[in-house]
Amino acid sequence: MPTPASNRAIPAIQVDPTNKPYFDAAREGRLLIGLCKDTGKHFWYPRGCSPFTLSNNVELVEAKGIGTVYTYTVMRTKEPYCVAYVELDEGVRVFTNIVDCDLDTVRIGQKVKVVFKPTQGDGPPATMFTPV
Numbered sequence: 001m002p003t004p005a006s007n008r009a010i011p012a013i014q015v016d017p018t019n020k021p022y023f024d025a026a027r028e029g030r031l032l033i034g035l036c037k038d039t040g041k042h043f044w045y046p047r048g049c050s051p052f053t054l055s056n057n058v059e060l061v062e063a064k065g066i067g068t069v070y071t072y073t074v075m076r077t078k079e080p081y082c083v084a085y086v087e088l089d090e091g092v093r094v095f096t097n098i099v100d101c102d103l104d105t106v107r108i109g110q111k112v113k114v115v116f117k118p119t120q121g122d123g124p125p126a127t128m129f130t131p132v
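All residue numbers for the sequence shown refer to full-length UniProt numbering, where the first residue is 1 and numbers rise by one.
Derived by calculation from the structure, the hints in this document are not laboratory data. Note that the structure is a prediction, hence the values are computed from the model and not measured. There may be inaccurate statements among the hints.
FRET-style restraints, in silico, Cβ to Cβ [what the hints assert, rightly or not]:
no., residue 1, residue 2, range
1, Asp104, Glu59, 38 to 48 Å
2, Cys49, Val74, 13 to 23 Å
3, Asn57, Phe95, 19 to 29 Å
4, Arg47, Ile10, 30 to 40 Å
5, Asn7, Thr73, 18 to 28 Å
6, Asn7, Asn57, 33 to 43 Å
Simulated crosslink set (PhoX-like; lysine-lysine; CA at most 20 Å straight-line) [unchecked claim]:
no., residue 1, residue 2
7, Lys111, Lys64
8, Lys64, Lys117
9, Lys113, Lys64
10, Lys64, Lys37
11, Lys41, Lys64
12, Lys20, Lys117
Even glycine gets a Cβ: it sits at the ideal position worked out from N, Cα and C.
With these hints in hand, go ahead and build the complete structure from the sequences.
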């Protein structure tokens, strides 16, 4: 029997000056990741300090929004959902949810694309992924 992803309510995400540019882009349907300008390496989660050098010589860049399921688990609760690490084509891994599919069909190595799901109230959308 299939396990459909539920459309559970997602609490509003708190926006502050450090994450506002990310969530502004999410509202526009764009996925941003960090880029360390000292090393040329991408990183997740976007922040004002490089995890590689601790330098603030970083910028937000737009990602393709395509990746591969690195690992996952299906939470078989009253409202089933799937949490996963998705490795983006840019090489960073994002902890996220897999949505809009039969959760029994999710597989390691599966191609996925970003989708932005509404949150409660006037909060910014949450970053999630769905099979391509």
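Checked hints:
1. Asp104 - Glu59: 38 to 48 Å: The hint (38 to 48 Å, Cβ to Cβ) holds, given that Asp104 and Glu59 are roughly 40 Å apart.
2. Cys49 - Val74: 13 to 23 Å: Once the Cβ atoms are compared, 34 Å apart, the range 13 to 23 Å for Val74 and Cys49 is violated.
3. Asn57 - Phe95: 19 to 29 Å: Between Asn57 and Phe95, where Cβ atoms are some 25 Å apart, the hint holds.
4. Arg47 - Ile10: 30 to 40 Å: 22 Å, violated
5. Asn7 - Thr73: 18 to 28 Å: Holds, since Asn7 and Thr73 (Cβ atoms, about 19 Å apart) stay within the stated range.
6. Asn7 - Asn57: 33 to 43 Å: Given about 41 Å between the Cβ atoms, the range holds.
7. Lys111 - Lys64: Judged against 20 Å, a Cα distance of about 13 Å means the pair holds.
8. Lys64 - Lys117: The hint holds at about 18 Å.
9. Lys113 - Lys64: Distance ~9 Å between Lys113 and Lys64 Cα, so the pair holds.
10. Lys64 - Lys37: It holds: about 19 Å lies between the C-alpha atoms, which stays within 20 Å.
11. Lys41 - Lys64: Cα-Cα ~15 Å, so holds.
12. Lys20 - Lys117: The given pair, whose Cα atoms are some 17 Å apart, holds under the 20 Å limit.
Hints 2, 4, counting from the list given before, are not met by this structure.
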